[in-house]
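Participant: Listed below are the residues making up each chain.
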Amino acid sequence: MSLSYTLRESVSGFRRTKLSSLLSIITIAISLLLLGIFAVLTIHATRFLDEIRARVELEVFLEEPVTRHEIDSLRAVIAGLDGVGTVVYVSKADAAAIFKKEFGEDIMNVLDFNPLPPSYKIGLAEGYRTAAHAERLERRLSTLTGVESVKYRKEYLEIIDERARIVHNISLGLGVLVGLSAIVLVSNTIRLAISAKRQIIRTMELVGATRMFIRMPFLLEGIMQGILGGGMAAGILYLLLAYAVRIISPDLPGLLRIEPAYYGAVVVAGAVLGWVGSTISVMRFIRPQGR
Amino acid sequence: MIRFTDVGFRYGAHAVLENVSFEIKPGDFVFLVGQTGSGKSTLLKLMYMDLKPTSGTVVVGKYISSSISKNATPHLRRTLGIIFQDYRLFDDRTVYENVAFTLHVTGVKGNEIKKRVLQSLASVGLSHQRNKLPAEISGGEQQRVVIARALVNNPHFLLADEPTGNLDPTTSRDILQLLKDINTRGTAVVMATHNYELVRRMNERILQVREGKVYDVELRTS
Numbered sequence: 001m002s003l004s005y006t007l008r009e010s011v012s013g014f015r016r017t018k019l020s021s022l023l024s025i026i027t028i029a030i031s032l033l034l035l036g037i038f039a040v041l042t043i044h045a046t047r048f049l050d051e052i053r054a055r056v057e058l059e060v061f062l063e064e065p066v067t068r069h070e071i072d073s074l075r076a077v078i079a080g081l082d083g084v085g086t087v088v089y090v091s092k093a094d095a096a097a098i099f100k101k102e103f104g105e106d107i108m109n110v111l112d113f114n115p116l117p118p119s120y121k122i123g124l125a126e127g128y129r130t131a132a133h134a135e136r137l138e139r140r141l142s143t144l145t146g147v148e149s150v151k152y153r154k155e156y157l158e159i160i161d162e163r164a165r166i167v168h169n170i171s172l173g174l175g176v177l178v179g180l181s182a183i184v185l186v187s188n189t190i191r192l193a194i195s196a197k198r199q200i201i202r203t204m205e206l207v208g209a210t211r212m213f214i215r216m217p218f219l220l221e222g223i224m225q226g227i228l229g230g231g232m233a234a235g236i237l238y239l240l241l242a243y244a245v246r247i248i249s250p251d252l253p254g255l256l257r258i259e260p261a262y263y264g265a266v267v268v269a270g271a272v273l274g275w276v277g278s279t280i281s282v283m284r285f286i287r288p289q290g291r
Numbered sequence: 001m002i003r004f005t006d007v008g009f010r011y012g013a014h015a016v017l018e019n020v021s022f023e024i025k026p027g028d029f030v031f032l033v034g035q036t037g038s039g040k041s042t043l044l045k046l047m048y049m050d051l052k053p054t055s056g057t058v059v060v061g062k063y064i065s066s067s068i069s070k071n072a073t074p075h076l077r078r079t080l081g082i083i084f085q086d087y088r089l090f091d092d093r094t095v096y097e098n099v100a101f102t103l104h105v106t107g108v109k110g111n112e113i114k115k116r117v118l119q120s121l122a123s124v125g126l127s128h129q130r131n132k133l134p135a136e137i138s139g140g141e142q143q144r145v146v147i148a149r150a151l152v153n154n155p156h157f158l159l160a161d162e163p164t165g166n167l168d169p170t171t172s173r174d175i176l177q178l179l180k181d182i183n184t185r186g187t188a189v190v191m192a193t194h195n196y197e198l199v200r201r202m203n204e205r206i207l208q209v210r211e212g213k214v215y216d217v218e219l220r221t222s
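These protein sequences, in sequence, are chains A and B.
Under this note's numbering, think of the first position of the first sequence as 1, with each following residue one higher.
Under this note's numbering, think of the first position of the second sequence as 1, with each following residue one higher.
Bear in mind the hints are in silico, worked out from the structure with no lab data behind them.
Glycine included, every Cβ here is placed at the ideal spot set by N, Cα and C.
Certain hints may be false.
As the list claims (entries may be wrong) - Straight-line Cα separation of at most 25 angstroms, SDA-like style, residue types lysine to any residue; simulated pairs:
(1) 18/A / 133/B
(2) 52/B / 200/A
(3) 45/B / 21/B
(4) 52/B / 44/A
(5) 154/A / 44/A
(6) 132/B / 17/A
(7) 109/B / 283/A
(8) 132/B / 200/A
(9) 62/B / 202/A
(10) 18/A / 90/B
(11) 70/B / 212/A
(12) 151/A / 108/A
(13) 70/B / 144/A
(14) 18/A / 135/B
(15) 151/A / 106/A
(16) 70/B / 283/A
(17) 70/B / 213/A
(18) 154/A / 144/A
(19) 45/B / 202/A
(20) 62/B / 210/A
(21) 45/B / 73/B
(22) 45/B / 214/A
(23) 62/B / 283/A
As the list claims (entries may be wrong) - Computed from the model, here is a short list of chain B residues facing chain A with C-beta under 8 angstroms:
(24) 74
(25) 77
(26) 82
(27) 92
(28) 104
(29) 105
(30) 106
(31) 196
Kindly generate the complete structure, drawing on both the sequences and the hints.
Facilitator: Shown next as structure tokens:
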């Protein structure tokens, strides 16, 4: 099979069926735009939940009295535990300062002594910021010598877990639905375009073209349409996000921040969509030779 | 060689052909005659294996209907030239491109394509029309383009399905003469037609398709 001829046929396929090609490109662009917007929303919902999770800390209160050496050894043990991200020591004096900052009163004036124990604030490592991991870590920390008690906002983390599960399930369900709709829509549009070329396909069959030779220009055409549709979707998505940032949060440019690679992924998704769509259409439309 | 052995073919419950046996040898010129709907086109389709017999066997060269694979079907068709009543030319391509198409499809290289297309167009007397679109030439010339396209692969057999069906009597005679000339150069021709007038003028073998059977008939000269 001549590759250059196949490429020429694919490109001239565009020329010969301008309207249906344009329709396929627009269909791919709209499908990908919907998927793209949906993915951006999902990414941001996930990012938002992750940021909340990152703020969750376990407070490990130490038994008193405690020596400098005990504080340091405990720190080493805690830092070595699974799921521990950051470890920050809060001395009695630091705790009193925080109290003053939060309540506006010096605790020494209220009680004549500082009852606040020294503690460690432990941030969870990435991948461990769930209620189940936090609970496991809490149990482990409670068994350590020198630890009086461990506290963290368990219910809060459980609620975040639940919300994340809902977001994940909805994303997955809608993503699959929108993705399948896009494939059906694109394959039908491409099928219409191929249907318009019945005569050329039939003649190719009768003059001895192999199935691969007949299919290849349509597949390449589908991929090219996908790339153009993907490019169009990426461009519109970029403009939409820029507009949304300007309207919603001009002071928070990071709010709808999307990596440049994401736009590349939209174009690649277009190529894949065009390829899958044209493959389905070609398989359904171009019958096996010799019935 | 094309050989039909006890071939039967049905469209659902309707039997089109039953126990058909005949043989066409290289270099033959054979008319397939019969009324419209008698099964002439079905016979041709069985030859280029667009259809498979529901019983019996069709052998075309080294290809056997019962064992040919989907991948081998295109290769069988490259040994045949197929001519249609409705031409099946591509309206948006020139005469040259229409003929060259067959060679592109079969993977022939650039310079060889040019040489063979020009030779083929010359053999049907259409070299001067090579840059025209089908719509810019007459019906008879369009049929000549189809013949050139069928010939360009140097087929062993030329299968023509009502090639004169859309043409006036004079042009039909010209096309028939052209097919005869091609046959004289060694290519076997199988031509389906319901035009008995044309057949009567030629002293060639006739296979008549009637009520699902194929009969070798003698031409009655009056």
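Participant: Against each hint, give a clear statement of whether it holds in the structure.
Facilitator: Status of each hint after checking the structure:
1. 18/A / 133/B: Roughly 20 angstroms between the alpha carbons, so the hint for residue 18/A and residue 133/B holds.
2. 52/B / 200/A: holds (23 angstroms)
3. 45/B / 21/B: holds (16 angstroms)
4. 52/B / 44/A: Given that 25 angstroms is the threshold and the Cα spacing comes to 59 angstroms, the pair is violated.
5. 154/A / 44/A: Between residue 154/A and residue 44/A the Cα gap is close to 24 angstroms, so the pair holds against 25 angstroms.
6. 132/B / 17/A: holds (21 angstroms)
7. 109/B / 283/A: violated (28 angstroms)
8. 132/B / 200/A: holds (19 angstroms)
9. 62/B / 202/A: Holds, because 24 angstroms separates the two Cα atoms, which is no more than 25 angstroms.
10. 18/A / 90/B: Holds. Residue 18/A to residue 90/B sits at ~17 angstroms (cutoff 25 angstroms).
11. 70/B / 212/A: holds (12 angstroms)
12. 151/A / 108/A: holds (24 angstroms)
13. 70/B / 144/A: With a Cα-Cα distance of about 73 angstroms, the restraint between residue 70/B and residue 144/A is violated, given a limit of 25 angstroms.
14. 18/A / 135/B: holds (21 angstroms)
15. 151/A / 106/A: Holds - the C-alpha atoms of residue 106/A and residue 151/A are around 23 angstroms apart, at most 25 angstroms.
16. 70/B / 283/A: Within the cut-off at roughly 14 angstroms; holds.
17. 70/B / 213/A: Distance ~14 angstroms between residue 70/B and residue 213/A Cα, so the pair holds.
18. 154/A / 144/A: holds (20 angstroms)
19. 45/B / 202/A: holds (13 angstroms)
20. 62/B / 210/A: holds (18 angstroms)
21. 45/B / 73/B: The hint holds at about 12 angstroms.
22. 45/B / 214/A: holds (20 angstroms)
23. 62/B / 283/A: violated (29 angstroms)
24. 74: Holds: closest Cβ of chain A sits about 5 angstroms from residue 74/B, inside 8 angstroms.
25. 77: holds (4 angstroms)
26. 82: holds (5 angstroms)
27. 92: holds (6 angstroms)
28. 104: holds (5 angstroms)
29. 105: holds (4 angstroms)
30. 106: Holds: closest Cβ of chain A sits about 6 angstroms from residue 106/B, inside 8 angstroms.
31. 196: violated (27 angstroms)
Against the hints set out earlier in the document, violations occur for numbers 4, 7, 13, 23 and 31.
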